[in-house]
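Protein chains: 2
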Amino acid sequence: MNEQQRKRIVILGGGFAGVYTAMHLEKALRRRDDLEILLINKENYFVFQPMLAEVVSGSIGMLDTVSPIRRMLPRTDLHVREVESIDIENQTITTTPGLHPHPNVVHYDHLVLALGNVTDFRGLRGLPEHAIPFKNLGDALFIRNHVIHALEEAAIEQHDDDFRKQLLTFVVAGGGFSGVEVAAELNDFVRKVIRNYRHVDQAEVRVVLLHSQDRILPELDEKLALYAQKILAKRGVEILLKTRLAAATGDLAVLANGMRIPTKTLISTVPSSPNPLIDALKLPKEKGRLKVDSGLKVEGTENVWAMGDCALVPLAGGGFCPPTAQFALRQAKTAARNILAAIHGGERKAFQFKELGKLGALGHRSAVAQMFGINVSGFLAWFMWRTIYLMKLPGWGRRLKVASSWSFDLFLPPELVQLKLDQSTGISHEHFEPGQEIFREGDLGDRIYIMAGGAAEVVRHDGEREIVLARLGSGEYFGEMALLNQTTRNATVRCVEAMDVLSIHKREFGLLAANLPAMRESFEQVMKQRSMANENRLRHVAGRGE
Amino acid sequence: MNEQQRKRIVILGGGFAGVYTAMHLEKALRRRDDLEILLINKENYFVFQPMLAEVVSGSIGMLDTVSPIRRMLPRTDLHVREVESIDIENQTITTTPGLHPHPNVVHYDHLVLALGNVTDFRGLRGLPEHAIPFKNLGDALFIRNHVIHALEEAAIEQHDDDFRKQLLTFVVAGGGFSGVEVAAELNDFVRKVIRNYRHVDQAEVRVVLLHSQDRILPELDEKLALYAQKILAKRGVEILLKTRLAAATGDLAVLANGMRIPTKTLISTVPSSPNPLIDALKLPKEKGRLKVDSGLKVEGTENVWAMGDCALVPLAGGGFCPPTAQFALRQAKTAARNILAAIHGGERKAFQFKELGKLGALGHRSAVAQMFGINVSGFLAWFMWRTIYLMKLPGWGRRLKVASSWSFDLFLPPELVQLKLDQSTGISHEHFEPGQEIFREGDLGDRIYIMAGGAAEVVRHDGEREIVLARLGSGEYFGEMALLNQTTRNATVRCVEAMDVLSIHKREFGLLAANLPAMRESFEQVMKQRSMANENRLRHVAGRGE
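Residue numbers (the working numbering), protein chains in the order written: chain V, 2 to 547; chain W, 2 to 547.
Looking at chain V on its own, in the form it has when it is part of the complex (with noise of 0.2 angstroms):
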């Protein structure tokens, strides 16, 4: 058939969805070439969510729980890109640029939107900054290297007690399936791996884990919540229940009931929104969700279909679908269905389906499970758990993987390698709370600091005497002393009041100072002001003291 005949479906989002609906299409390409179907993902694999945390703990391997789109979809194109927008009325999708800067656009007849959901800290002081989401492969490999990370400072740092616990408290914020997992699974690995880090003490470990309500697991009945509580907590989990984060900053999580914890691990499974390309949608939503019909179709269009975590998929019974993988597995199988029907005619189908059951694990051979309406715990769950799970994963070749992963992990320690997978800090932005030092006199400068909003004061020590020099404001800048003259900060910055900064990292900084000869002057000069009017006042003040 001619390829211009032949009608296009797009499919935006590789997750459980996305990809399962082309796999129901696919079926339907082995009798007919009328057909093409294009996915587009910006990653090449799918991940399969319930072993995630996993990765975190090393008990299975990095890439075990992710599979290669193009091997699970052979007959389906794969557009390797994010989606920069969603023009519903040209029909038409345009992706982000990719090794070179054309752009790429492409038209669908039938288009399906599982695009899913995105933890979103829009709005949570200092979260954007500093708190780490936990969602996607990325974000459990850098979980994992950066708690091995904390662990190598914590060994090397052998006179500062307090900078050691911080170092070795990790703090989960969240007490859902996601939430509970990844508290769970780091706290086995961090107990095991300690061992090996000579100096450090296990007693200074402190894994926390937040919930706003008063228990954990709302998903489940309170019973199992109960249960899975005091594994956590025999285990070493602290368990703080009816607070949430309030603020962070890359020192401290600072709960809403006040509660300061300093750390340098900060994980959020919390709040979800939709994904922002949904956002941008002129199309009917609820909660941000998109008002789809029985058939899975979105209201007010004819070729337009949501699914998974981003659509409100009613459910025959009165309400609506929860934005869990069984869910949007069977709605791939109905929407899958019902556009083949609106191409070919034929008869569309409503979608239902009854939950089977949930599963929690706990780590360490423990689980929570609700299956058919029986509740089970502990080693069965477990095994239950990990039974379900190995054959819900996709491919033979995954299951093998996972199995041996499985088999290694009983009797090796877990992985401990650090890979520093982003080289450059570049430039970013911070968060400081009141009180916090931003740098110490005598420190190495490696950043200069360009504040966009808070107070900031600037402080040397005199012997006990501490000499305020100077008070900064938005639009001011610190630190560039030290990079331009490649020596220690000669003063302390302390936050006043609560600060958002734009801190740009000495090679970027070098960089920019280098090729921009007006930067690099403004900045020269200020610094010079600045000498001479400290000078001036630790002279008054010298002279005051006498």
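Hints are computed from structural coordinates only; laboratory data are not their basis. There's no promise every hint is true.
No copy labels: a pair is met if it fits in one copy or bridges any two.
25 angstroms max Cα-Cα, derived DMTMM-like pairs, lysine to aspartate or glutamate [unchecked claim]: (1) 8 x 536; (2) 507 x 44; (3) 224 x 300; (4) 43 x 162; (5) 529 x 280; (6) 243 x 44; (7) 43 x 202; (8) 43 x 161; (9) 292 x 444; (10) 334 x 37; (11) 421 x 44; (12) 193 x 44; (13) 231 x 220; (14) 43 x 140; (15) 286 x 438; (16) 359 x 202; (17) 507 x 130; (18) 350 x 444; (19) 166 x 287; (20) 421 x 85; (21) 43 x 252; (22) 507 x 85; (23) 355 x 239; (24) 243 x 121; (25) 235 x 280; (26) 507 x 522.
Here the structure is a predicted model, which means the values were calculated and not measured.
With chain V's structure known, arrange chain W on it following the hints.
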């Protein structure tokens, strides 16, 4: 024993030389407690170099070829930091700051320098910006992910044949063991997985190996090297001899003979240079390597030892040790013995060792070997390669994992997951050669460019006619319009004389422009002037055209 009285041996470098020296020293710790050993390395793992190329092809897992140093050296302190400076006079080492910027200085009684060498592109036009080294695990993972990225882009590029071919061209410079192994593994990998890319033709794949001499593998007998060349050529590797890389851009490998190979993937294993830290030391050196006596003590010192690739170790029969793992392993044993003799008294030993043989893998169950003077090639050599190196891997756990990866590799297809390791492309240097387009009219604007040298012209197309709008030189910048206005490029910029530029991604540029009003204003001003000038110029040209 009191901490103060203990002698501290500090080892710099976690390669074969450093780790095995610590291992031999640890044996002495079993009997006495008057010693402490500290190893400083920038990673927390030891890399088993011989298998690194297999990480590129995925025939072993990503972590299979590395071992956590802590587990190899349970009685040694490990500081995972980069060394900032070495002070021989005061016997101290300063390391870079970790998760907080307080300086870290350690004192030594004996110092072991085992810092290896580095791939050094300095002074080679465009190589520091665009060539990928192949030295450590990070490089191997980067290459692997970059190659998959290029394949993904090739799958999308169905219209621009030249660009697709460029994406499918992979160039490796350097025909020693390391270059040959990476070219062979890369070639195997790409030709195997290309089947999963619909609409991409295997015939378009090019893997090119460059070598400056008249045959590859100078380490081996000519007969074996010619055999290796035949095998590689049969598998589709193009071998270009008697030429070398002269320059590189993001789109080109430029050879010394004038040939230009369009590629997005340029790997170079040459040239090697001494570690910059060794360079900076005021100790006797020859060809950049530290001069040591037959006991591995650095000439003119009493407590500084050197070995491995950064030292020039004399051989008993005359000449010097080649920079290979076999020698480093034996040097480590001698050095450990002599350091202990220096501390506790006793006889020192002179280093001596006769090389056992050489092995090089050619991928796809083939290798070349020279053992005890006998040449072996093909399957038998490959079998020897695998057996010998599997046994040399440190630790039974690691051996088991590699053996299981190799078994899976017999019947499962290679991993195809692309990890996006470095999200931000930030601020970077780029190099362009005359004739290259930096961007084209109509492209998406994702970076701005500041010229550090060379010349470019700005052109716009009016139907068939090309109008030169401006000529740009050092210190000028371009590409800012599309960023500030969030539109596509309104002109093409082409390199006229070889250019070095600093390019800033729109994310970083946005952050800087938002926080540095002076910078934004200066850009906006130039933009306004240019906009007006361009309009005048176009009007003028249009007028003449009528």
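| Homomeric proximity label, residue 43 with residue 161: Cα distance no greater than 25 angstroms | Between copies, since 22 angstroms is at most 25 angstroms while 43 angstroms is not.
| message | Within a copy, between copies, both or neither: which one fits residue 235 and residue 280 at a CA-CA cutoff of 25 angstroms? | response | Result: close neither inside a copy nor across copies, 42 angstroms intra and 54 angstroms inter.
| request: Check residue 43 against residue 140 for me: Cα-Cα at most 25 angstroms, and say if that holds within a copy, between copies, both or neither. | output: For residue 43 and residue 140, both the intra-copy (14 angstroms) and inter-copy (23 angstroms) Cα distances are at most 25 angstroms.
| query | With identical chains treated as interchangeable, where does the CA-CA distance between residue 421 and residue 44 reach 25 angstroms or less: within a copy, between copies, both, or neither? | reply | Close inside one copy (20 angstroms) and across copies (8 angstroms); limit 25 angstroms.
| query | At most 25 angstroms between C-alpha atoms: does residue 507 with residue 44 qualify within a copy, between copies, both, or neither? | reply | between (32 angstroms within a copy, 22 angstroms between copies)
| query | At most 25 angstroms between C-alpha atoms: does residue 529 with residue 280 qualify within a copy, between copies, both, or neither? | reply | neither (49 angstroms within a copy, 34 angstroms between copies)
| task | Evaluate residue 231 and residue 220 at a C-alpha cut-off of 25 angstroms and name the case that applies: within, between, both or neither. | result | within (17 angstroms within a copy, 63 angstroms between copies)
| query | Between residue 507 and residue 85, at a C-alpha cutoff of 25 angstroms, which is it: within one copy, between copies, both, or neither? | reply | between (32 angstroms within a copy, 15 angstroms between copies)
| Homomeric proximity label, residue 166 with residue 287: Cα distance no greater than 25 angstroms | neither (45 angstroms within a copy, 47 angstroms between copies)
| query | Is it within, between, both, or neither for residue 224 and residue 300, if the alpha carbons may be no more than 25 angstroms apart? | reply | neither (40 angstroms within a copy, 73 angstroms between copies)
| For residue 43 vs residue 162, is the C-alpha pair at or below 25 angstroms within one copy, between two copies, both, or neither? | between (43 angstroms within a copy, 24 angstroms between copies)
| request: Give the relationship of residue 43 and residue 252 under a CA distance limit of 25 angstroms: within one copy only, between copies only, both, or neither. | output: between (32 angstroms within a copy, 24 angstroms between copies)
In the structure shown, a violation is registered for the earlier hints numbered 1, 3, 5, 6, 9, 15, 16, 18, 19, 23 and 25, in ascending order.
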